[in-house]
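Novice: Single-letter residue listing:
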Amino acid sequence: MDYSYFQINEQALEVVFPEQINVEENKLVQQVSQKLIEEETAGVTGVIPAYHTLTVNFDYDLTSFKLLEGQIDSLIASSSGEDMSVKKIVELPVCYDEEFGPDLEDVAEFASVSVEKLIKLHTGTDYFIFMMGFLPGFAYMGSVPEQIAMPRLKVPRKSIAPGSVGIAGAQTGMYPVESPGGWRLIGRTPIQLYDRNNPVLKYRSGDYVRFKAISKAEYYEIQKRDRAGDYTLKTITEGGNTND
Amino acid sequence: MTNIVKVIKPGLSTTIQDLGRARHQIEGFPESGAMDKFEYQLANLLVNNHKNDASLEFVMTGPTLKFECDSFIALTGGQMHAKLNGQRILKNRAIQVDAGSVLECGPMETGNYGYIAFSNGGVVTQPILDSRSTTLRTQMGGIQGRALIAGDNLPIRDSVIMQSLQSRKINWDVETSNFIRFVKGPHWQMFSDEAQKQFTQQSYHVSEQMDRMGYRLNGNPLPVPSKSLLSEGTVFGNIQITRDGSPIILLADRQTTGGYPVIGTVIKADWSKLVQMKINKDFHFIEVDMETAMNALVAHQKILNDNYEKWYQGRYVEPIGPLRRNSIKIERLIKNNL
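Residue numbers (numbering that gives the first Met the number 0), protein chains in the order written: chain A, 0 to 243; chain B, 0 to 337.
No lab work stands behind these hints: they were computed from the structure. Every residue gets a Cβ at the ideal spot worked out from N, C-alpha and C, and that includes glycine. Any given hint could turn out to be false.
[As the list claims (entries may be wrong)] The calculated BS3-like cross-link candidates involving lysine-lysine, where the alpha carbons are at most 30 Å apart (straight line), are:
| # | chain 1 | residue 1 | chain 2 | residue 2 |
| --- | --- | --- | --- | --- |
| 1 | A | 34 | B | 50 |
| 2 | B | 36 | B | 82 |
| 3 | A | 34 | B | 183 |
[To be verified] According to the in silico footprint, chain B covers these stretches of chain A (three or more CB under 8 Å from chain B):
| # | segment |
| --- | --- |
| 4 | 29-36 |
| 5 | 50-56 |
| 6 | 125-134 |
| 7 | 212-225 |
This is chain A alone, in the form it adopts within the complex (with noise of 0.2 Å):
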């Protein structure tokens, strides 16, 4: 795998991949990550995996450069080896309702579909999250069907619900807060993607999301289990090099 360094300060350095939007290059980062946090490298402080790079942040009395680098080039070489085809999936489920998605005739008109099979089209990809941040809990995720890639609004909505799910181009994702935003709006998912006061995130960086379609009903029923704290999102894990 080709990459290099770069010193950004005293105390920090990036590594640096090709520079393309590519999942197995991603999948590498991601791992390397979270293995100099889980691992508690001596002197790294906080990691920041994005498409190609990964920023590292540490303790220049702990650590240097030279010694830093040398553990990433083991870490690295160790992932390269590993088994990648383990693919950790979140279901998410959202209802693709005109009143919850007010652009979903827009798409499915872009992609010249019905609205079931633009629903179809959203919920047949498994997306990979590149990266975290924007807003807490906001994940970068690729890459949707060409045909339902529908460039983002002219004019951003000055508001959007939280829980809102949307297409920007290639990109999909979910708004975790309230926020302003210019993405197309398809559908929500009645669960509570942030909470100020418990954090601890329902996926991350290197996990895939897959979209599952329920109904009005099922949307309120949901909603009222997840705020009691009474809802469990499934994960699924799928691949690996085993014959199941």
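Fit chain B to the given chain A structure using the hints.
Specialist: Coordinates of chain B only, in the frame set by chain A:
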């Protein structure tokens, strides 16, 4: 024992801050934490706190607080006319505060950010994701994720003793400068020779668009590279050049990733100068190499370390922090006998 400091007046935008939640940037949460880490650490050091204990950070105008318990405090940051029970007090020293006292910070004349540290562990609100820092944008940490309001109760631990109280002071003022040093950023090479030259030769000033997320600078717009970038991780002090050619310096509450080209990164030894830079004051950027940056950082940190050593060594020098309750009793006895 946990006790209370009551907020009488909140000041302009006063928040609870520690060193932030760097480890949770992997999940997309902003790092947050004190804007001026030097002044923040100095305040903690003065009252013998751990370096990550939570303090109050205020902007331009500080709060008015009423203490319901005994404490020792230290004020750091810009020059201010702070008063304790109506008496002028000085910043950059440990100050004994008795239960019932009222502290008025008032406006700051120099700098932008000030700190109040409380002895015996600082403000002990509930940590969220390993930190007590307030992130206003995500409404996280501190008190309900917001700036303080009148009537808030700040939990602190009372304390009656402070080692080497008399020597816990430092002659210091927020650093001011007409230059800010930086190391080349990951996208330096994307800028034309002309843009690189202009960036280091022209003067800039901090615009009114300045907050905990970042400072937007005013200056003649730079020619910007036409190529667009994929978002990358951000660090404190990244100098992004936006599409209109003006720089934004990313600070404590910055988003974890950004897509504008980063021309340079402010060196850590100059973070405090930058954060305390007054609006409309002209300055320019100077490029340095990593070795210079590292040496400057070690020298800057030495100011804190030397004082730590001095106060630590001084802990057995008389008077060893007088036991306040007893001393009050003795004082009363003497007064009554006179």
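Novice: Work down the list of hints and note, for each, if the structure agrees.
Specialist: Okay, the hints, checked on the actual structure:
This hinted pair checks out: residue 34 of chain A and residue 50 of chain B have alpha carbons roughly 27 Å apart, not beyond 30 Å. Distance hint between residue 36 of chain B and residue 82 of chain B is fulfilled; the C-alpha atoms sit about 24 Å from each other, no more than 30 Å. With a CA separation close to 29 Å, the supplied pair residue 34 of chain A and residue 183 of chain B stays within the 30 Å bound. Only when three residues or more bring their CB closer than 8 Å to a CB of chain B does the claim for the segment 29-36 of chain A stand; here the count is 3, and the claim holds.
Coverage of the segment 50-56 of chain A by chain B holds in this model, with 6 residues showing a Cβ closer than 8 Å to a Cβ of that chain against a need of three. Check on the segment 125-134 of chain A: 5 of its residues sit with their Cβ under 8 Å from a Cβ of chain B, so the three-residue criterion for coverage holds. Only residues whose beta carbon comes within less than 8 Å of a beta carbon in chain B count, and the segment 212-225 of chain A has 0; fewer than three means the coverage is violated.
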